[in-house]
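Let the sequences and hints guide you as you build the complete structure.
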Amino acid sequence: MLHLITTRLLGAIPVLLLVTMAIFGLLRLAPGDAAELLLPDDATEEQIAETREAWGLDRPIWAQYGQFIGNLARFDLGESYRYRAPVFELIGERLPATLELSFYALVMAIVIAVPLGMIAALNKGKIIDAIVSVISISGVSAPSFWVGILLVLFFSGYLNLFPSSGRLPYGVSVPSVTGFVTFDALIAGSFDTFLQALKYLALPALTLTLAMIGIISRITRAAVIDAGQEEHVFTAVAKGMKRGTIVRRHLMPNAAIPIVTIIGLELGALISGSIIVEVVFSWPGIGTLLFQAISVRDMPLTTGAVASYTILFIALNLLIDIFYVLIDPRLRGHKA
Amino acid sequence: MTKTRQGLIGGAFGALAVLGLTQPLAAQDDKLLMVTSTFPMTSPTPYAESNAQMYSVWCQTYGCLGRYNYAAKEYQGILVENWEVVDPTTWRFKLREDLVRHDGGPGPTTADVLHSYDRVLNDPASIQKNIFSEVETIRAVDDYTFEIVTKKPLASLLSYIFDRFIITSAELAEANENPDEDAAFGWGPYKLASYMLDQEIALEKNDDFPGISADAPDTAVFRQIREAEQRVTALMNGEVQIARLIPPQLVSRLEGNDAISLAQSPSIEPMFLAFNPKFEPWTDKRVRQAAAHSINKDLIIDRFLMGLADKMDGPLGEQQICYTGPLDFVIDYNPEKARALLAEAGYENGGPKVEFMTASGRYISDRQVSEIVTQMMTEVGFEVDLQVPEYANLTAAMRAGELPMYYLGRGLFLDPSEPLSQYLETDVTQRIGYSSPELDALLQQERQTLDFDERCKIVRQAAELIAEEVPMFFMWSHRLVHGVSKGIEWDASADGEIWLSDVKM
Numbered sequence: 138m139l140h141l142i143t144t145r146l147l148g149a150i151p152v153l154l155l156v157t158m159a160i161f162g163l164l165r166l167a168p169g170d171a172a173e174l175l176l177p178d179d180a181t182e183e184q185i186a187e188t189r190e191a192w193g194l195d196r197p198i199w200a201q202y203g204q205f206i207g208n209l210a211r212f213d214l215g216e217s218y219r220y221r222a223p224v225f226e227l228i229g230e231r232l233p234a235t236l237e238l239s240f241y242a243l244v245m246a247i248v249i250a251v252p253l254g255m256i257a258a259l260n261k262g263k264i265i266d267a268i269v270s271v272i273s274i275s276g277v278s279a280p281s282f283w284v285g286i287l288l289v290l291f292f293s294g295y296l297n298l299f300p301s302s303g304r305l306p307y308g309v310s311v312p313s314v315t316g317f318v319t320f321d322a323l324i325a326g327s328f329d330t331f332l333q334a335l336k337y338l339a340l341p342a343l344t345l346t347l348a349m350i351g352i353i354s355r356i357t358r359a360a361v362i363d364a365g366q367e368e369h370v371f372t373a374v375a376k377g378m379k380r381g382t383i384v385r386r387h388l389m390p391n392a393a394i395p396i397v398t399i400i401g402l403e404l405g406a407l408i409s410g411s412i413i414v415e416v417v418f419s420w421p422g423i424g425t426l427l428f429q430a431i432s433v434r435d436m437p438l439t440t441g442a443v444a445s446y447t448i449l450f451i452a453l454n455l456l457i458d459i460f461y462v463l464i465d466p467r468l469r470g471h472k473a
Numbered sequence: 023m024t025k026t027r028q029g030l031i032g033g034a035f036g037a038l039a040v041l042g043l044t045q046p047l048a049a050q051d052d053k054l055l056m057v058t059s060t061f062p063m064t065s066p067t068p069y070a071e072s073n074a075q076m077y078s079v080w081c082q083t084y085g086c087l088g089r090y091n092y093a094a095k096e097y098q099g100i101l102v103e104n105w106e107v108v109d110p111t112t113w114r115f116k117l118r119e120d121l122v123r124h125d126g127g128p129g130p131t132t133a134d135v136l137h138s139y140d141r142v143l144n145d146p147a148s149i150q151k152n153i154f155s156e157v158e159t160i161r162a163v164d165d166y167t168f169e170i171v172t173k174k175p176l177a178s179l180l181s182y183i184f185d186r187f188i189i190t191s192a193e194l195a196e197a198n199e200n201p202d203e204d205a206a207f208g209w210g211p212y213k214l215a216s217y218m219l220d221q222e223i224a225l226e227k228n229d230d231f232p233g234i235s236a237d238a239p240d241t242a243v244f245r246q247i248r249e250a251e252q253r254v255t256a257l258m259n260g261e262v263q264i265a266r267l268i269p270p271q272l273v274s275r276l277e278g279n280d281a282i283s284l285a286q287s288p289s290i291e292p293m294f295l296a297f298n299p300k301f302e303p304w305t306d307k308r309v310r311q312a313a314a315h316s317i318n319k320d321l322i323i324d325r326f327l328m329g330l331a332d333k334m335d336g337p338l339g340e341q342q343i344c345y346t347g348p349l350d351f352v353i354d355y356n357p358e359k360a361r362a363l364l365a366e367a368g369y370e371n372g373g374p375k376v377e378f379m380t381a382s383g384r385y386i387s388d389r390q391v392s393e394i395v396t397q398m399m400t401e402v403g404f405e406v407d408l409q410v411p412e413y414a415n416l417t418a419a420m421r422a423g424e425l426p427m428y429y430l431g432r433g434l435f436l437d438p439s440e441p442l443s444q445y446l447e448t449d450v451t452q453r454i455g456y457s458s459p460e461l462d463a464l465l466q467q468e469r470q471t472l473d474f475d476e477r478c479k480i481v482r483q484a485a486e487l488i489a490e491e492v493p494m495f496f497m498w499s500h501r502l503v504h505g506v507s508k509g510i511e512w513d514a515s516a517d518g519e520i521w522l523s524d525v526k527m
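Chains as they are written, first to last, in the working numbering: chain C, 138 to 473; chain A, 23 to 527.
Careful: at least some of the hints might be erroneous.
[As the list claims (entries may be wrong)] Not everything, but these chain A residues come out facing chain C in the computed CB check (under 8 Å): (1) PRO62; (2) SER155; (3) VAL163; (4) THR167; (5) VAL171; (6) ASP220; (7) GLU251; (8) THR255; (9) ASN259; (10) GLY368; (11) THR417; (12) GLN466; (13) GLN470.
[To be verified] Per the computed footprint, the stretches of chain C lying under chain A, defined by three or more beta-carbons under 8 Å from a beta-carbon of chain A, are: (14) 158 to 172; (15) 397 to 404.
Rather than coming from a laboratory, the hints here were simulated on the basis of the structure.
Positions of the beta carbon are idealized from the N, C-alpha and C atoms, including for glycine.
This is the structure:
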């Protein structure tokens, strides 16, 4: 296990370097820079040049990148041009909001999609299987920004059940312990705030969930059907074992690996999808931060935010790998 | 869907109701005003952003010299009580002496003005140096009087600084390491209650501000909601009481809603087409005029913008300083004349090929308007290649003078002096690449003419020349439409900002 973790962490370093290098290069290739885009419309050319010099944007790209890497080695991502605050601090403040949104979206997706996939597999070829297929394809096909707006129009505008955007209502706050408002509310013993926070989470989380339900339920269905073709399952059926017991003891454990794999892969989609969803719902996470940063070529913040997403993605994949080992005895003792 | 069906669907969420999830979302405090905001909220430092919404917020909290009253069409003091032009390059301002700082400290003095001037120029977070581009220095005369000395005579000085020069306390800056977060006290009619990056800014009424109305909101919260659909929805379900900047296609969602009224006003952001004479075929005035003649502005406004725009015949509209009525030289919609002009310019056998750049989503229906313009120009013979780059790329290329033709807007166009110089005066910027000694002379002359009426005559001459030369073809200014909950009285102004003490609840 230790070997697996060490290998993965070492492997993350070149990935991180490549990603940050690519971001630097791409931002540099695009026309304009932060000084030009952040200064007001009527700023003079001299003022733009002065700002460019103050922010080091007049230096060659390799020098800027070298400084970025040097700072990164000291756990310093520099200062955002737009927010005039340390990037680490900004990301640290926003990360919990993104993680909380992703956490609820993932939990909802698993809770909904895995049973749906199993129901479809156990009713293969029947009408219920077709219904699940339609739900799955719709979920995969519909873009998040469009689904988000539809959900707002229906649940917020029409039914007035949930707020249209934001994280908490004005005047409601909770002492931060975990950074997850829902958890912190429970820790503080404020059930009202917990419910308020859930209301604000509902629509953005559901938007992300719907995008994941399709693929997870399809893979679950296929994995359960595959597992059902195994001889030991036929044996169990022949021995007259109860249907529920067969599903619990023989189908689910064997279908678990592909399901966990697809959930791991979907985490990437979840993280990237959260960028758009955060912007649509004014959710104060890293996605909103990244959106603000890219729009003005805020190099330190963009690179820092993308690096954070990369680290998050690598960490989640590592967790999935560890989970593999836990659920599949055959992998124990093997090197990664 | 009928109300019965709505009720049935709502009933499906009964479980949520049991959990208390369906409590009304509307604000509970009847003096709490929730307002949408579309601009970034990136720093509590009042010098770190440069957009109209944040200038307005800081002006109402810390305080600024004054503001432009669009109804009275005049500048009115906030921290200053009067001002005068001492000589062509010196303006003298007198601060009010009846103000108390939010923390009970003294009113604003010239020391605070000089401190703020220094912050605008030297604070590492400041991106507002542009407001003093034409200022040589600011000097104290006494504790309550200061003078602004300009590099050259500058008739439009107030448009640069009046509501954009935010005054902060020198004393609090001295006593606090981080005054913008730990001692954010000013002298304005509202106090800063809280600032949450990219989420909301809350302000509380300053009851000590002279003459503030009892009907004005006790608390106002500017909540960032970028998406127009969300702004409309938030207004309809009571999350906010004023939803700003409703695009034309969403206005119908609010019309007929008994709980909501619509407030609208003209704007000071003209939308225009730029024809860059550094590129062929725009070197030829006849081609520029032909393009202008091909565009049916009335049709676009009536059918596409749903009447929510005010047609412009030149750089100035009714809300802007020095507007003196319709121009004498007007390029109207005339496709026959457009074809004749193209033929005269040598394109009788097929129009010139042009590249046309536009934004998407930055201005109201910008891409769609540009598609219509493309079609109209094509009908008279142009071969138009419409391109829609990302906005940051578009503006960078525009500033570098790399765009032959584009459709954009120019905000904060209250006074024509600075925007016209920025786009059309030789070598001031590269944005259009137009050069005319005659126009340069007029623009320089109007800047130095301190007599208002005389100045406006010169501005009109410049506007006539621009209308005829058409390096910029002014299309319209969009009407600003805002949704307002019933029970709230607010007259929208042309800058779209909400001066809270004018709101009645």
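Now for the hints, and whether the structure bears them out:
1. A least Cβ separation of about 6 Å between A/PRO62 and chain C falls short of the 8 Å threshold, and the interface hint therefore holds.
2. The criterion of a C-beta within 8 Å of any C-beta in chain C is met by A/SER155, whose closest approach is roughly 5 Å, and the hint holds.
3. The restraint placing A/VAL163 at the interface with chain C is violated, with a minimum CB-CB distance near 28 Å, outside the 8 Å limit.
4. For the restraint placing A/THR167 at the interface with chain C, the shortest Cβ-Cβ distance is roughly 28 Å, beyond the 8 Å limit, so the hint is violated.
5. Checking A/VAL171 against chain C: minimum C-beta separation of about 18 Å lies over 8 Å; hint violated.
6. Satisfaction of the interface hint for A/ASP220 is found here, the shortest Cβ-Cβ separation to chain C being roughly 6 Å, below the 8 Å cut-off.
7. A hinted interface residue such as A/GLU251 counts as satisfied when its beta carbon comes closer than 8 Å to some beta carbon of chain C; here the least separation is about 5 Å, so the hint holds.
8. Because the closest C-beta pair between A/THR255 and chain C is about 4 Å apart, less than 8 Å, the hint holds.
9. Interface restraint check: A/ASN259 against chain C, minimum CB-CB distance 5 Å, threshold 8 Å, status holds.
10. Below 8 Å, beta-carbon pairs count as interface contacts, and A/GLY368 has none with chain C, the closest being about 33 Å; its hint is therefore violated.
11. With 8 Å as the threshold, the beta carbon of A/THR417 comes within range of chain C, its nearest partner Cβ sitting at about 7 Å, so the hint holds.
12. The closest approach between the C-beta of A/GLN466 and any C-beta of chain C is roughly 17 Å, which is over the 8 Å cut-off, so the hint fails.
13. With a least beta-carbon distance of about 19 Å to chain C, the hint placing A/GLN470 at the interface is violated under the 8 Å criterion.
14. Using a Cβ-Cβ cut-off of 8 Å, 4 residues of the segment 158 to 172 of chain C lie near chain A, which meets the minimum of three, so the contact claim holds.
15. Look at the segment 397 to 404 of chain C against chain A: 0 of its residues bring a Cβ nearer than 8 Å to a Cβ of that chain, fewer than three, so the hint is violated.
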